[in-house]
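Engineer: Chains A and B are the protein sequences, given in the same order.
According to this note's numbering, the stretch in the first sequence is residues 1382 to 1794, in order.
According to this note's numbering, the stretch in the second sequence is residues 55 to 235, in order.
Simulated from the structure, these hints should not be mistaken for laboratory data.
Only a predicted model underlies this, so the values are computations on that prediction, with no experimental measurement involved.
Every residue, glycine too, gets a C-beta built ideally from N, C-alpha and C.
A few of these clues could be false.
Only part of the chain A face toward chain B is listed, based on derived beta-carbon distances under 7 Å [as the list claims (entries may be wrong)]: (1) 1461; (2) 1464; (3) 1550; (4) 1551; (5) 1629; (6) 1650; (7) 1651; (8) 1703; (9) 1708; (10) 1709; (11) 1712; (12) 1717; (13) 1721.
Taking CB as the label site, the calculated pair distances span [claimed, not checked]: (14) A:1693 <-> B:88: 54 to 62 Å; (15) B:67 <-> A:1642: 39 to 47 Å; (16) B:63 <-> A:1685: 27 to 35 Å; (17) B:98 <-> A:1438: 48 to 56 Å; (18) B:189 <-> A:1448: 18 to 26 Å; (19) A:1448 <-> B:162: 22 to 30 Å; (20) A:1538 <-> B:98: 12 to 20 Å; (21) A:1452 <-> B:99: 41 to 49 Å; (22) B:101 <-> A:1698: 25 to 33 Å; (23) B:91 <-> A:1426: 53 to 61 Å; (24) B:198 <-> A:1642: 49 to 57 Å.
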Amino acid sequence: MSKTEEVFSFGDAAARNAALEEEIHGDTMVLNVGPSHPATHGVLRLRLELDGETIVKCDPVIGYLHRGEEKVAENFTYNQFIPYTDRLDYIGPIHNNVTYALAVERLAGIDVPERCQAIRVICCELARLLSHFIGLGCYGMDAGALTVFMYMFTDREKIYSLMEELCGARFTTNYTRIGGLQRDIPDGWLDHVLKVCDDVEKTNELCDKLLTRNRIFYDRCVGVAPLSKEDAISYGVSGPNARASGIAMDLRKDKPYLGYENYEFNVPVGTNGDSYDRWLVRVEEVRQSVRIIRQAVTKMPGGLWYNDKATKIFRPRKDKVLSSMEELIQNFMITTEGPELPVGEAFFEAENPKGRQAFFVVSKGGGVPWRLRIHGPSFSIISALPKILPGCLVQDVPVVLGSIDFVMGDCDR
Amino acid sequence: MATKILERKPLTLAERTYLPQIAAGLWVTFRKMFGRRVTLEYPEQKPPIPRGYRGVPTLVKDPNGREKCVSCQLCEFVCPPKAIRITPGEIPADSATAHVEKAPKDFELNMLRCIYCGLCEEACPERAIVLQNVYSLNAATREEVVLHKDKLYELGGTLPDKIMKWDKKKAAADKAAGGHH
Chain A
1382 MSKTEEVFSF GDAAARNAAL EEEIHGDTMV LNVGPSHPAT HGVLRLRLEL DGETIVKCDP
1442 VIGYLHRGEE KVAENFTYNQ FIPYTDRLDY IGPIHNNVTY ALAVERLAGI DVPERCQAIR
1502 VICCELARLL SHFIGLGCYG MDAGALTVFM YMFTDREKIY SLMEELCGAR FTTNYTRIGG
1562 LQRDIPDGWL DHVLKVCDDV EKTNELCDKL LTRNRIFYDR CVGVAPLSKE DAISYGVSGP
1622 NARASGIAMD LRKDKPYLGY ENYEFNVPVG TNGDSYDRWL VRVEEVRQSV RIIRQAVTKM
1682 PGGLWYNDKA TKIFRPRKDK VLSSMEELIQ NFMITTEGPE LPVGEAFFEA ENPKGRQAFF
1742 VVSKGGGVPW RLRIHGPSFS IISALPKILP GCLVQDVPVV LGSIDFVMGD CDR
Chain B
55 MATKILERKP LTLAERTYLP QIAAGLWVTF RKMFGRRVTL EYPEQKPPIP RGYRGVPTLV
115 KDPNGREKCV SCQLCEFVCP PKAIRITPGE IPADSATAHV EKAPKDFELN MLRCIYCGLC
175 EEACPERAIV LQNVYSLNAA TREEVVLHKD KLYELGGTLP DKIMKWDKKK AAADKAAGGH
235 H
């Protein structure tokens, strides 16, 4: 039992004072980092035990951003919950929409047309750019390079403008629906995507040039908080952090969804698993994402953006609702009862920007999930912090937190 | 799987001395200083609003000035944060739009709760509630941002309607009634 826990459990004031005395004048000192809002990662508290400047023990305290999303899901129809998935990993919200829709579609046993899949791929990769740009930018800022943060944020705003054109909101996208999308892509949007891709690529190269070989940054990151391959596996770490540790794991390659097997891209893998590798992996992933977006834009197929066979799941089109009785009734049914889904359960995992995000849907029939389990990648990497932080210095903490790029909305749910 | 092992080369002498890098960094700053400005001076300059933007939900009227909402309460049902409350009311029998039967007596939209998700617009079977361009809603008190019917119609205005469902219905009903005579 640690010393602070003892202090809290003592009813006796004298014993409490003695323990506090021991804590102050003992070998180690307890330092609370947070609960604050470290940049945009969310509210995390780290309870560090220090010996001088070296960290002996780290206790992450989570739960400050818990909103009970899983319970909320049980009270809503499948479509009503989609705005709530925006708020899971809120750095790349549109990817959560896609993952959730794919999970429920797996339960329903329906497919979406190719055009819908291609649009979703572009959305996913734009979300990855959003996420990695904030990850890299904040990492730079935590290491003292504020300029990189500004440059990357400028380009993030451009991607947000794309989102605004696509679905009407910059941040809370709410774009996918079960069996399709909220609406088709607007005219000229793909050209804007390509233009933004050029800008993003330029900024990425610029920031790569500014920081990757910069001596101050290099010295602060190389060899800091390495996560070994074995530890990464045993803690269930996934995504860029696992790849930095040398695990060639990417669900887009391992269990392809949305037709990812038709796109050419490489999976960057690091060698040492230290903070510097985590930077390199993300910089390379931005390049690969841009590559995927360009391929998806060039071969964007025509057709519908929703499954027109799934009439009991996807809402009929508005002009039909206004003019035909059958569709009007269908609209009422889908709104009030929810999409008609079979009894059963479905598990779906996708490569979110931060790692493996999974939804497990249990249905007892009808339009409301009986239980929805959400797995977030940030939870795994935060649980690995007690393993990687001891041995680091206090001033390494911001660098390590920046390098693992977690988001508390995803961890606490 | 196509993997790419990331190389890590040690720093060169020039990189270790750091001075050339300061010069390179300053050159980037210098270039950006005279580049195109990316910021917007907000209240004076307004950002362009794309088509289909999801701003404040508003109520709209059809080109004849009839309020389109028939208080079916579908938006009230679907709204995830429960921001909408509708009090249904009858349309008086002597009114020109009496055949529509219902209109909201009051339509309360609590903008403190609204999350701008657009599900109300999607669910509406009359296309009566539309998320339009208003994105800046300010008030000094909480009560002011709980919008009521008059304010919602003021924000919404009139939208063109291609289908004019209720006029068609009335015409069909009149024709049927005429046929019986």
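Engineer: When the structure is checked against the list of hints, which entries are broken? Sort them ascending.
Structural biologist: Hints 4, 9, 13, 16, 23 not satisfied by this model.
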